[in-house]
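Enquirer: Here are the chains, one letter per residue:
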Amino acid sequence: MKKRQVLAKTYLLLVLIILYIPIFYLIYFSFSSGKDMNQFKSFTWAHYQALFQDNRLLAIFLETILLALLSSLIATVIGTMGALAISMVRKKSQQKVLLSLNNVLMVSPDVIIGASFLIFFTALGIGLNFGSVLLSHIAFSIPIVVLMVLPRLNEFDYALVDAARDLGASSYQVFTKVMLPALIPGIATGLFMALTYSLDDFAVTFFVTGNGFSTLSVEIYSRARQGIDLEVNALSTVMFLFVLLLVGIYYFITARKNKKTRKGLGGLIK
Amino acid sequence: MEEQATGASACSYFCKMDIIQLKHINKRYDDGFIALKDINLKIESGKFYSLLGPSGSGKSTILRIIAGFTQPTEGEVWFDGKNITDLDPAKRQINTVFQNYALFPHLNVFENVAFGLKIKKLPLSQIKPKVKDALHMVRLDGYANREISELSGGQQQRVAIARAIVNEPKVLLLDESLSALDKRLRKEMQFELRAIQKKLGITFIFVTHDQEEALSMSDEIFVLNDGKIQQNGSPVDIYDEPINDFVARFIGESNLLPGRMIQDYEVEFANHHFQCADAGMKANEKVEVVIRPEDLDIVAPEKGKLVATAQTQLFLGDHFEIKAIDTDENEWLIHSTNGCQLNERIGLYFDPEDIHVMRQHESQADFDARLESYEGEESNDE
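Protein chains in written order, with this note's numbering: chain X, 335 to 604; chain H, 316 to 697.
Hints in this document: simulated from the structure, not taken from any laboratory.
Cβ atoms here follow ideal geometry from the backbone N, Cα and C, with glycine treated the same way.
Fair warning: there could be bad hints in the mix.
Sample of chain H residues at the chain X side, in silico, Cβ under 7 Å [stated by the list, open to error]:
1. F413
2. H421
3. G431
4. I434
One chain only, chain H, in its complex shape (with noise of 0.2 Å):
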């Protein structure tokens, strides 16, 4: 780790390396509730990371010991190089956005935005222009003499962020940031939080519930729960391929099967034997299968690979979602653009990848391999 520490340094900006690490992090509190066991992570410079979990995961807990307000009672944290543990908040090249913005009330735009730079003792003639790049930042110009109260929640959440960045920190902690907008106005964030992010540069580690949100802004994103990172990965393999049933609900809506591996290739459920595309499990092992309601299609009862009965069906605008009860009385989700008629019998076909077979208790290290293996057999076959 001392090589790392100092490598990293010397590491120009091009390249990449970790700017914090979370080491073995632990913690106790006092009322014994334990928030966060064994919490291993490495955050890269430049990327926009989301901690993702519901609520009482540790996701808040996680980033009040990156930004030092909150002392973990096992573990370290590193900075850049540097072991910050027990460094004061106020001396850490972090900033973070919070959860009701908590701006100055007494203190309007200009004077909130200017709080960090004046504690530094900058000179008026430098705060000036890098307040006035802040708010341009976030699209705020011509709102530095408005008082606090008089800005909508959206603008809060601006002058919020530009209080924040204005300090050009290393990394920026948003603790869900979004969270009082409404639908509209927090999609329009999400989109211009990402291109703030870009044109910065700089890391940015969004907390959140929402996981249409850290779906839609991360780079990579941590799904955290009971404490513990569950899994560690890129949205697309987060939703694609969750390492375990809790990831699996909760990103994105599933069917959800207990299952049997009957030899690599050929998996058991709902009483049926199916091809797929996972492999390297013991014969007969249990195993769990996750089928995306937006992977089903609805065929003709004698192509379907599976025949089940309409529950209900609602229009939700761009799709049907529709609740079907197979042969062997498994419920099924289906999104499909084609509507179907109650109590109608239909077939319900996917393909053998749309199959994805989850091994009970698997650590993120073993599915990570197991899920290599297939894409090196895969290029063989090319």
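If we strip away everything but chain X, and leave its shape as in the complex, we get (with noise of 0.2 Å):
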């Protein structure tokens, strides 16, 4: 039994070892005087000094941010409103048909779905740059939304909204004093991960950047082309922080919403 659990635990962290070895690679050979990586030669921040003097990566960094924010923020207020109008939709067989519509664009591959982007934006003559990558990541991340907020409104006990009525809430009041808060958690997950899918994308942002724009994972991926260059590995270790100190937020809400949810489990069984 023993020797089953410690080959268990092994081998978790053997697979653990494969997947991060990569990035502490790329994030030791940051720290590298050399110009390669075939080499660590001796420890030095010079690409990191040389990535915030670089005005053009830092314009590119902060842009990213603002495109994830904005996306996601603008997607979840979409999202939000879209699983509300399906959990509304009476017939059941109607219902399953919009969420299947929604779950399709979830999983089908971001090339394809970057393509077709290209093609519908010169189509109508949209121009490629920010407003092009804004549209193609609010509509990418809505379905996302849709589908992390539609469980709490499935769970949503309606008798609450005719207790309200009952008090003597407008609409808009049971709307906001008594749904929101109870989507409120499925809301800021997929917010959350809206966010996340905005700043890693590459494939879809590949497709519809022109040439004023490029996003943090366009413009890594075009440098890694050009030869490889130590200022990427020092900007992918930033970018890496970056979404480890996101994961952490996560971690720290959920685990407070959880606490929440445990509590209210306990009241039921009392």
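Join the two chains into one complex using the hints; note that each chain is given alone, in its own frame.
Expert: Pasting the structure below:
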């Protein structure tokens, strides 16, 4: 029994190491004073200094974050409304069709979505710039938000709506004071997912980005293609840390949420 | 009706008036299900009413129509002399205690109770004492800062009541509000609800499928089945004088037998003729006869009006429940403080007034008139 446990743990550790080694290898060389990743020469912050002096890169970094925030916020609003609309559809069969259409967008390959956006934008004569990237990011984030909010709506107790109306609440007050608080955990998860989807998207952005605008993933890709530059390593490290921070925030929020629901369950059992 | 309306608004606290009237209410759902058929009822101010019926009888639909959550297909809802059929539930001076309480889980006890007052934009300085009073009324002093999830079922029930009564409604609706509680707590809450109603002096309309609950709390009961009001009256009236076999079966336990009126004050059932207290029916009219199990006494066979053989006997603590079969093969349910031996031949004794005779398809008006005529005659005899 114990032997099997040790074996299982070793296996898990091995998998994690294999998954993370490339990233740590990359981070490791971001501190190397050499020109390439063949040999670690000596420790240096030089690549980071170069990174923070690279105005073009800094601008791209800020624009990427702006893009992620904007697209995820707008997608969250639209997606929440979409989830509400789907949950209000009376016929179960129609609801399933709508939900399937939503899920197909989630699982279809980014390349296809990116290509279709490119065709769409050129056909309509929309220029490829920040606007086109924003539109496409909003579009592919909406289904995620819908998927995160809908379960909350399904377990929502509609007697609470009657109760609020009974106590004199208008439709708007019912929504803001009763429904929204119940949906907030789902909406927050949706927002976070949309944020990370936007931050790390490469394929769709690659298609719809024009000359004037680029995101970090696209920039890293094009720089890596030009040849190995350890500044890319430094940039990747910064991005990795940023995502790590986001994950940390996400866990902090969900841990608090879980604590509350557990308390709720306890009350129910009592 | 219009005259009544103007009269009603001038009516003071002491005058009895109809606070709610349902006129010819019909409710048909989209799928064709007919939930209510021509419901007419009057609710007086300051009384405790019960809508009693099995599930699907339409009792909750009536409550939802009074609250305004459901629109009747036809008919009118009048409140305090005004037609409120199309009025939004938010604007009705009626509050509801929901079946599963429907407390807001993200708000604590104080915030739940204060919800309605905050919607009305009352200043906090006025909200605080009102919430405190309401919590005191339901004996939850000191619970204001608790989370809903920390409360027991009984406490949540009390919060739901406090949240409703804090708005000082003229009518409080309670939808199967005690059904989620265990038996002991339910009894306790029955007493408490009645006490709260007396204290506030407002009308309570309580929906339940539990006849014991309805009998013990109400001033008046509406018995519903199949979307129709079967009978209304005081608990004693409904128990002692059920209008038809449904009411007799649904409320309390009863022995129901087909019978025939021979003449006034004489009825035949179980192959015997008996003296009874009922009159005013046609000779040889087919009727149904009810005798309550507790009205049957076990006596020696020669002293009984019927002779039966005891089949089963259960001891239920305060009485025995005996099933016996008479010589005409009818089964009798008997509640008696005296037990008997199994397969023992026993006599069943009952007084003429223990026999309750029901006509087929008798309307409530005819039924009431018939019963009243007996009472008139009784007083003439004295």
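Enquirer: Each of the hints needs a verdict: does it hold here or not?
Expert: Tested hints:
{"no.": "1", "hint": "F413", "result": "5 Å, holds"}
{"no.": "2", "hint": "H421", "result": "4 Å, holds"}
{"no.": "3", "hint": "G431", "result": "4 Å, holds"}
{"no.": "4", "hint": "I434", "result": "4 Å, holds"}
Figure legend: structure checked against the earlier numbered hints; every hint is met.
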